[in-house]
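Engineer: Residues per chain, in single letters:
Number of protein chains: 2
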Amino acid sequence: MPLSPKVPTPTLERLATYYTILSDLKSRQADTISSADIEERTGINAAQFRKDLSYFGEFGRPGVGYAIDELHARIGRILKLEKTQPVILVGAGNLGSALVGYPALRADNFRIVAAFDNNYNKIGKQLWDLTIRDITRLVEDNATLGARLAIIAVPVGAAQDVAERLVEAGIKNILNFAPVVLRLPRDVIVRNVDFVQELAVLSFHLPDPTTNP
Amino acid sequence: MPLSPKVPTPTLERLATYYTILSDLKSRQADTISSADIEERTGINAAQFRKDLSYFGEFGRPGVGYAIDELHARIGRILKLEKTQPVILVGAGNLGSALVGYPALRADNFRIVAAFDNNYNKIGKQLWDLTIRDITRLVEDNATLGARLAIIAVPVGAAQDVAERLVEAGIKNILNFAPVVLRLPRDVIVRNVDFVQELAVLSFHLPDPTTNP
DNA sequence: TAGATTGTTAATCGATTAACAATC
DNA sequence: TAGATTGTTAATCGATTAACAATC
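Going down the list, the protein sequences come from chains A and B. Offset between the first sequence (1-based) and my numbering: plus 8. Offset between the second sequence (1-based) and my numbering: plus 8.
It is worth saying that the hints were derived from the structure and are not from the lab. Careful: at least some of the hints might be erroneous.
Stated by the list, open to error - Pairs of lysine to any residue, SDA-like flavour, derived with a Cα cap of 25 Å:
(1) A:K59 with B:N200
(2) A:K180 with B:R49
(3) B:K130 with A:Q134
To be verified - Residues from chain A shown here face chain B by an in silico Cβ test under 7 Å; the list is partial:
(4) Q93
(5) P187
(6) L190
(7) I197
(8) V209
(9) S211
As the list claims (entries may be wrong) - So the derived list for chain B, only partly shown, Cβ under 7 Å to chain A, looks like this:
(10) I76
(11) G109
(12) D116
(13) I140
(14) T144
(15) P187
(16) L190
(17) R199
(18) E206
(19) L214
A virtual CB, placed ideally from N, CA and C, is assigned to each residue, including glycine.
Let's have the full structure, built from the sequences with the hints guiding it.
Structural biologist: Structure, rendered in structure tokens:
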């Protein structure tokens, strides 16, 4: 298996986008799709799409296009979405609760298998179908759970500490919702989701509040 | 006012990051900071930081650094965060609810001023301090509200329709949480937040499940 | 076969970073 | 003044896209 040398992150992000629209097309549509069709639907340049796939081998047939089912399956395999991935959630607040209840996660084979918090008023309570666990038990609990992905949905002040516990528990792939830069060993991969940052970028593009006429 | 010619999006994203850490430093720290300090705290290259600022003028003093308060204020002005921005939320589900209750939004001067939904069981009910409104009233309601930013937190199937209503209501800056590519006029700016995409990128980086020894 | 579309190379574009003269 | 650090230029790096021979 020729290990793909170095896949650009933007390629991985687009791969996830292709996967989503292929999931959508899978049953309801014709069974073949061209890179031009993909461009039509996603706005992503057709050459870009073909280049993205080329990091992982050959997927289509010249003159014909791509078999939707096969392409979907192969991208799923690349992104390791074929089997259910257990995910740990830390932070049983409003955001954490929304994430546990978020149906798209389950649809894409992610399953939140445990929720942790440091608040003694929450520990032991239910969050959907999960019993909220004590954050101090994270390391020992994950020895059993065996999750390799985690979501941080705690306030800024707690995020760094939580992240370090996660690493201690063997989790090196972290989705962080706290608006803070986590300082962690270099082999830990962190993806940040920052609502305020997103809104700030939009805010910049707002028309200038023209001074009164 | 020499209109900044073309600011790269990554620069805007980093500007929001600088803003966040400056908010943090503002009171508790010394009153001056160097680009090297910024690199230390954010992992963003010091030259990158200086270059980012250079799109907007001069901010520091050679040999000294940047006055924290002033820098914070000026970045706030660039991102138009100095006055409270009204934001409309569409989708009063779990995620929408978490967003309304999210303290960091308010801290950065965004205020969700109205929540809309299409579900008659929800319309009229309370969501925190907001009364959930009828999505079909969006255009007329925003004539009064005057929001220019909106958040879409509805299921995939409803997102395109909601987006078009928002544009009709004069809102051209949209934060979209539905995992779908919105097709809108080119002058509309959309930022997508896609949890599943983020997890998929992390999932890719998971160690290969080595076949049994 | 002729028409369509792939996979890939090469050209273009844009973003990051090193280097340094200017300046406090 | 000497030391520190900026703002900016130029070099580097990497990602996007156009073009096209290969192939169905």
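Engineer: Which of the numbered hints are not met once you compare them with the structure shown?
Structural biologist: Violated: hints 6, 10, 13, 14 and 16.
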